[in-house]
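There are 2 protein chains.
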Amino acid sequence: MKIAILGMGTVGKGAYETAKTAGGIEVVRILARHEVEGYEHLNEIITSDIADIAGDKDIDLVIESIGGIHPAREYALECIKAGKHFVTPNKNLISACYDELKAAADESGAEIRFTATAGGGIPWLYNLRRTKRCDEIQEVRGIVNGTCNFILDSMCDKGSEFEDVLVLAQAMGYAEADPSADIEGTDTLRKTVISANLAFDADVKEEDVPCYGIDTISSRDIDYLKSMERAPRLMMNAAVNGNKLCVYVEPVAFPMTAMEASVKFNFNLITLNARDIGTQSFYGQGAGMMPTGQSVIQDVLDIRDGVNHTPASGEGVEKRKLKLDNKSAVHRYYLRCSEIGSEIEKIIETSEKKGDVYYCSTKPVSVIKMHEIAHKAKSDGKEMFIAALAE
Amino acid sequence: MKIAILGMGTVGKGAYETAKTAGGIEVVRILARHEVEGYEHLNEIITSDIADIAGDKDIDLVIESIGGIHPAREYALECIKAGKHFVTPNKNLISACYDELKAAADESGAEIRFTATAGGGIPWLYNLRRTKRCDEIQEVRGIVNGTCNFILDSMCDKGSEFEDVLVLAQAMGYAEADPSADIEGTDTLRKTVISANLAFDADVKEEDVPCYGIDTISSRDIDYLKSMERAPRLMMNAAVNGNKLCVYVEPVAFPMTAMEASVKFNFNLITLNARDIGTQSFYGQGAGMMPTGQSVIQDVLDIRDGVNHTPASGEGVEKRKLKLDNKSAVHRYYLRCSEIGSEIEKIIETSEKKGDVYYCSTKPVSVIKMHEIAHKAKSDGKEMFIAALAE
Numbered sequence: 025m026k027i028a029i030l031g032m033g034t035v036g037k038g039a040y041e042t043a044k045t046a047g048g049i050e051v052v053r054i055l056a057r058h059e060v061e062g063y064e065h066l067n068e069i070i071t072s073d074i075a076d077i078a079g080d081k082d083i084d085l086v087i088e089s090i091g092g093i094h095p096a097r098e099y100a101l102e103c104i105k106a107g108k109h110f111v112t113p114n115k116n117l118i119s120a121c122y123d124e125l126k127a128a129a130d131e132s133g134a135e136i137r138f139t140a141t142a143g144g145g146i147p148w149l150y151n152l153r154r155t156k157r158c159d160e161i162q163e164v165r166g167i168v169n170g171t172c173n174f175i176l177d178s179m180c181d182k183g184s185e186f187e188d189v190l191v192l193a194q195a196m197g198y199a200e201a202d203p204s205a206d207i208e209g210t211d212t213l214r215k216t217v218i219s220a221n222l223a224f225d226a227d228v229k230e231e232d233v234p235c236y237g238i239d240t241i242s243s244r245d246i247d248y249l250k251s252m253e254r255a256p257r258l259m260m261n262a263a264v265n266g267n268k269l270c271v272y273v274e275p276v277a278f279p280m281t282a283m284e285a286s287v288k289f290n291f292n293l294i295t296l297n298a299r300d301i302g303t304q305s306f307y308g309q310g311a312g313m314m315p316t317g318q319s320v321i322q323d324v325l326d327i328r329d330g331v332n333h334t335p336a337s338g339e340g341v342e343k344r345k346l347k348l349d350n351k352s353a354v355h356r357y358y359l360r361c362s363e364i365g366s367e368i369e370k371i372i373e374t375s376e377k378k379g380d381v382y383y384c385s386t387k388p389v390s391v392i393k394m395h396e397i398a399h400k401a402k403s404d405g406k407e408m409f410i411a412a413l414a415e
Numbered sequence: 025m026k027i028a029i030l031g032m033g034t035v036g037k038g039a040y041e042t043a044k045t046a047g048g049i050e051v052v053r054i055l056a057r058h059e060v061e062g063y064e065h066l067n068e069i070i071t072s073d074i075a076d077i078a079g080d081k082d083i084d085l086v087i088e089s090i091g092g093i094h095p096a097r098e099y100a101l102e103c104i105k106a107g108k109h110f111v112t113p114n115k116n117l118i119s120a121c122y123d124e125l126k127a128a129a130d131e132s133g134a135e136i137r138f139t140a141t142a143g144g145g146i147p148w149l150y151n152l153r154r155t156k157r158c159d160e161i162q163e164v165r166g167i168v169n170g171t172c173n174f175i176l177d178s179m180c181d182k183g184s185e186f187e188d189v190l191v192l193a194q195a196m197g198y199a200e201a202d203p204s205a206d207i208e209g210t211d212t213l214r215k216t217v218i219s220a221n222l223a224f225d226a227d228v229k230e231e232d233v234p235c236y237g238i239d240t241i242s243s244r245d246i247d248y249l250k251s252m253e254r255a256p257r258l259m260m261n262a263a264v265n266g267n268k269l270c271v272y273v274e275p276v277a278f279p280m281t282a283m284e285a286s287v288k289f290n291f292n293l294i295t296l297n298a299r300d301i302g303t304q305s306f307y308g309q310g311a312g313m314m315p316t317g318q319s320v321i322q323d324v325l326d327i328r329d330g331v332n333h334t335p336a337s338g339e340g341v342e343k344r345k346l347k348l349d350n351k352s353a354v355h356r357y358y359l360r361c362s363e364i365g366s367e368i369e370k371i372i373e374t375s376e377k378k379g380d381v382y383y384c385s386t387k388p389v390s391v392i393k394m395h396e397i398a399h400k401a402k403s404d405g406k407e408m409f410i411a412a413l414a415e
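Each protein sequence line maps, in turn, to chains A and B. Numbering of the first sequence is given in the working numbering, commencing with residue 25 and proceeding in unit increments. Numbering of the second sequence is given in the working numbering, commencing with residue 25 and proceeding in unit increments.
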């Protein structure tokens, strides 16, 4: 199979290296603006013009690893419309533009795969799709951002302060120069949207999903949670409740004995619950050159080999019409704040003052309400951190 | 696709139920000696004569869920030789007779799948095979026996004695009336042989693998390990060391913060390490009617859809010629015994006497040597329990 790679960044290189060892895949064209350092021998297959790829009838499949929405979306559409299969690890693109890409693919007969967009090297979306063909998914949840896990695990392990660990994570290449997409939860949010839409055949949009990150956490939270024998993790959450879908992103304080609390460094742990198979979890590297590159190439091999886990007949798993509605998402939270206003007063069950800080546990409160209070505190410049209390 | 099911026990029923919802699979014949309670409506497709199935040209695929070696092996061979694809959750059969079944299948053009033989409902062997097509597996390990995990977790959680938990496990259906295959490690051993042979293209035989179970554990071990902040789990172990393979089954004492220590109830957690993808783990139900039944039907769907993760070309992952050789498998152990003879004296580093019991940590000692000492103690009727000390 002849393929092209758009973008020779970390994942593009990982895909290129994996393609070399996988066998049966030939990278015949690479889109890059410049010569790629360390890959000078590929100069003659490098082009900066997407038309050289979209217009090349010999190319069966295109890997897009440019990242971001533009020009990734436009390049993707051009290639897909030309009938080329399309594989991408680009979560921004799939979270925002999947419907448009899928419509183009259905028209041209191309296949689209995006396993690496959520879970990186973990075959999470792949297995989720496979489980769906003979089961009904009821919940997907998990740790899907390695940067946040590295930060939270380091804070728990070493007692360090958030800002110091973030600097360390940047130095080690686990966090980007601008870490906001990771620590504010946006990256987790995109992976949540992709996972939920696949799991539930839903049409959830990023802007409709409540999301609270870990950027307001402090070592005081870690210390207090430790005294409760808990550890925080940033979690994607998506579950069916009747004919509604609850989908949100927030920190969760797990008992130390929970599997999530045992997830170290930058690893990911992603879980599904389904009617027949019960609970099933997938653990591994959620990012990195070779893991993500391999995940991309696995998708390529699946397309080449015709692996398609859609049920073959109309019978069997029925398409569910589930709508996002977070009203029934209600639970208790841990909450740290510097003052207890009337809004907080209404929801707390217990509170303890240490120095000038209040550590509280709330009554069961809706995710929507809790996030609203926490986001308001942040925009007002007030100290606050929240974490759902896992049972 | 028209299929037959041999044996309507727990897994046979689970496969039947899953086939009904999966779509595109029709169960046209069932092998059973009697009418199946609750399935009287199937009486007209039930036969007790394997020739009715092996000789039926309309049947494309046979699921064998009789269990054990005889007559499962003979029935399997008869069906495979008749060109029928073959799927089984029967670990005894695959561990002992895979080569014979595979040779018959290669001759007749049939496919063989056995994902449910190790990990039950977990797509462990499936993903292991998929990873292999573009990576090199270096290690497989894990908790693959739910009965033992239930016993160990209950002992840790409730402080109960081994015998009491075993009775409870039997009452709850987690352990069989004769629990020896589980608690002595034989079940784990078979899953280890199957996993290692698939992972490493090896030819490991059950009788060559050192195996020590949990049947000699006592609540005193749990208490002492707790004081070391450790919890025991029965583990399959198989790893490449140069051009040798180390393969063995034994209890391992994990730090409480290890993911294995967080595995509750009868769940399984199975891990691979590979050159590019790094560490990847799979968690879920290792047994049970619907999980195992679904795993069997997933194999059926894969055969129907031509999903085959073998590399397409001779290039890429090369077939390794690895031979079992446990000489380099050396590590420290926790050891409880009632007397320290000269053999034990030689290997212990520290020991503590409490009442009439010695609790020891050993120097690095070979798995072969340690198992030899522990098996000898058992056959001499002496008290002893061992657990490898995980780093």
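To be clear, the hints were calculated from the coordinates, so they are not data collected in a lab. The reader is advised that the hints may include incorrect statements.
When chains are identical, the list treats them as one kind, so a pair holds in a single copy or across two.
Claimed, not checked - The calculated lysine to any residue pairs, modelled on SDA-like cross-linking and capped at a C-alpha distance of 25 Å, are:
| no. | residue 1 | residue 2 |
| --- | --- | --- |
| 1 | Lys156 | Glu98 |
| 2 | Lys393 | Arg165 |
| 3 | Lys402 | Arg157 |
| 4 | Lys26 | His333 |
| 5 | Lys288 | His399 |
| 6 | Lys377 | Glu200 |
| 7 | Lys402 | Ile74 |
| 8 | Lys126 | Ile392 |
What label fits lysine 377 with glutamate 200 when the C-alpha limit is 25 Å: within, between, both, or neither?
neither (36 Å within a copy, 54 Å between copies)
- Query: Should lysine 393 paired with arginine 165 be assigned to within, between, both, or neither, using CA atoms and 25 Å as the limit?
  - Reply: within (21 Å within a copy, 44 Å between copies)
message: Treating 25 Å as the Cα threshold, decide for lysine 288 and histidine 399: within, between, both or neither.
response: Neither. Shortest intra-copy (28 Å) and inter-copy (36 Å) distances fail the 25 Å Cα cut-off.
Up to 25 Å CA-CA - histidine 333 versus lysine 26, copy category
both (23 Å within a copy, 19 Å between copies)
Could you place lysine 402 and isoleucine 74 in one of the four classes (within, between, both, neither) given a Cα distance threshold of 25 Å? neither (43 Å within a copy, 71 Å between copies)
Is it within, between, both or neither when you check lysine 402 against arginine 157 at 25 Å Cα-Cα?
-> Classified as neither; 43 Å inside a copy, 48 Å across copies.
Can you give me the call for lysine 126 and isoleucine 392, within, between, both or neither, at a CA distance of at most 25 Å? neither (31 Å within a copy, 56 Å between copies)
Exercise. Checking lysine 156 and glutamate 98: alpha-carbon separation at most 25 Å within a copy, between copies, both or neither?
Worked result: neither (31 Å within a copy, 34 Å between copies)
In the structure shown, a violation is registered for the earlier hints numbered 1, 3, 5, 6, 7 and 8, in ascending order.
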